[in-house]
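Novice: Listed here are the chains, written in short residue letters.
2 protein chains.
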Amino acid sequence: MIAITDRKINEYMMRLSFEGDPLLLEMEKIGRENDFPIVDRLVGRLLYLLTRLKDPRLIVELGSGYGYSAFWFAKALGRGRVVLTEYEEANIAYAKEAFRKAGLSKKAEFRVGDAVKTAAGYGKIDILFIDMDKHQYLPAIKKLLPNLNRNALVIADNTLWYGRVTEKLRDRDTLGIKKFNEYMFKNPAFFSTIVPLRDGVLIAYKVG
Amino acid sequence: MIAITDRKINEYMMRLSFEGDPLLLEMEKIGRENDFPIVDRLVGRLLYLLTRLKDPRLIVELGSGYGYSAFWFAKALGRGRVVLTEYEEANIAYAKEAFRKAGLSKKAEFRVGDAVKTAAGYGKIDILFIDMDKHQYLPAIKKLLPNLNRNALVIADNTLWYGRVTEKLRDRDTLGIKKFNEYMFKNPAFFSTIVPLRDGVLIAYKVG
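Heads up: the sequence lines are chains A and B, in that order.
Using numbering that gives the first Met the number 0, the first residue of the first sequence is number 0, and each one after it goes up by one.
Using numbering that gives the first Met the number 0, the first residue of the second sequence is number 0, and each one after it goes up by one.
The hints are simulated quantities; they were obtained by calculation from the structure and are not laboratory data.
Please note that the accuracy of each hint is not assured.
No copy is singled out in the list; a pair is fine if it fits within one copy or between any two copies.
[Unchecked claim] Quick list of in silico lysine-lysine cross-link-like pairs, DSSO-like style, CA-CA up to 30 Å: (1) Lys-123 x Lys-142; (2) Lys-116 x Lys-74; (3) Lys-205 x Lys-7; (4) Lys-28 x Lys-185; (5) Lys-142 x Lys-105; (6) Lys-105 x Lys-205; (7) Lys-106 x Lys-116; (8) Lys-142 x Lys-177; (9) Lys-53 x Lys-205; (10) Lys-177 x Lys-106; (11) Lys-205 x Lys-100.
These numbers were taken from a predicted model, which means no experiment stands behind them.
When you get a sec, could you build the whole thing from the sequences and use the hints?
Specialist: Given below as structure tokens:
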């Protein structure tokens with residue numbers, strides 16, 4: 000396990016990235032205190048910027064936790080909405096309450112259950128955000144390809160998997176991430192890049 | 000001077016990023032052989048993706064070198080065009096020839112001379128790309144703010160300045176980059192983020 004980005008650089012970028020939203024700050028605190036893996040503020044800001052740029056009608060998340068990334072998406076949305084999917088009812092309940100407090104409830108749908116099965120019920124997805132079990136990334140994108148809109152964005156978290164992608168590990172999560180990355184970079188349906196923020200964010204633009 | 004992103008991670012991302020365009024490969028080779036600082040393939044791919052997403056009519060570069068970043072922009076453009084600005088006539092001559100060979104000449108304007116003065120002659124800039132002398136970043140963006148279109152993107156290279164932004168250095172380039180970053184993150188006209196690819200790419204979305 001290696002530091003993907005130099006620690007001082009991360010601190011510098013965090014100092015620049017002032018945050019005044021009390022709900023985001025609370026979610027970041029809960030993440031730290033419970034060691035719950037959220038995308039963090041720097042990735043959250045990247046999601047916000049990409050959403051402003053894309054102006055999507057429909058964002059679907061595969062694996063929403065208690066709603067930190069979805070909160071960034073919702074704040075950036077114009078007319079669109081974000082669908083949260085999550086197994087844990089308690090997490091979704093927390094997200095619902097945070098969105099209600101922020102006046103963002105109308106921009107979100109909260110779905111408890113299997114992420115991919117839920118997502119498969121939506122068509123013309125403009126942004127698909129993948130942050131579920133790592134060995135499920137590749138089957139998920141293959142299954143949901145027909146559900147993506149023209150010029151959709153696929154954004155996947157943990158695609159550098161704490162540096163394990165550079166090691167000769169054979170566990171199913173490391174292999175899953177490596178196979179997913181190779182698929183996304185080789186598939187001519189996508190133009191892909193990985194941004195080495197936190198644990199690596201793959202961003203893929205659907206060509207056509 | 001520190002490695003912003005772990006070397007193995009960079010190598011992993013480069014292995015994924017196959018490139019078959021002989022002109023890009025030639026420009027990368029020239030960069031290595033002459034130690035000429037080009038944005039590199041990973042940043043080039045990010046520029047390509049952002050351009051596809053934004054679909055801009057007008058991109059203006061401040062500091063084009065021999066055209067590597069402009070080449071990525073041009074490949075991604077739909078109906079728009081990219082303006083290259085550069086002091087060195089020999090660099091612009093090289094860029095012109097590369098664009099001609101690639102059939103991209105109609106998507107580009109080649110301007111020799113002062114970058115900011117040239118850029119000031121254009122209005123409704125959709126993407127402003129800054130890669131000139133580092134102490135000039137801040138005066139350049141202040142000067143060109145009225146020339147930016149609604150929801151423009153400002154993309155600036157070298158904004159982590161080989162890690163010097165984290166050190167207590169007082170040279171004008173380090174100070175220039177630090178002041179530029181602070182301005183871009185604090186100015187409510189922009190929503191900014193830095194992507195720690197190569198030497199740090201600041202991406203700012205103009206709000207309104």
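Novice: It remains to establish, for every hint, whether it holds in the given structure.
Specialist: Hint check results:
no.: 1; hint: Lys-123 x Lys-142; result: within (14 Å within a copy, 41 Å between copies)
no.: 2; hint: Lys-116 x Lys-74; result: within (26 Å within a copy, 37 Å between copies)
no.: 3; hint: Lys-205 x Lys-7; result: between (34 Å within a copy, 28 Å between copies)
no.: 4; hint: Lys-28 x Lys-185; result: between (38 Å within a copy, 23 Å between copies)
no.: 5; hint: Lys-142 x Lys-105; result: within (28 Å within a copy, 40 Å between copies)
no.: 6; hint: Lys-105 x Lys-205; result: both (28 Å within a copy, 25 Å between copies)
no.: 7; hint: Lys-106 x Lys-116; result: within (21 Å within a copy, 44 Å between copies)
no.: 8; hint: Lys-142 x Lys-177; result: within (18 Å within a copy, 45 Å between copies)
no.: 9; hint: Lys-53 x Lys-205; result: both (12 Å within a copy, 13 Å between copies)
no.: 10; hint: Lys-177 x Lys-106; result: neither (33 Å within a copy, 37 Å between copies)
no.: 11; hint: Lys-205 x Lys-100; result: between (35 Å within a copy, 27 Å between copies)
This entry does not satisfy hint 10, going by the numbered hints stated previously; all others are met.
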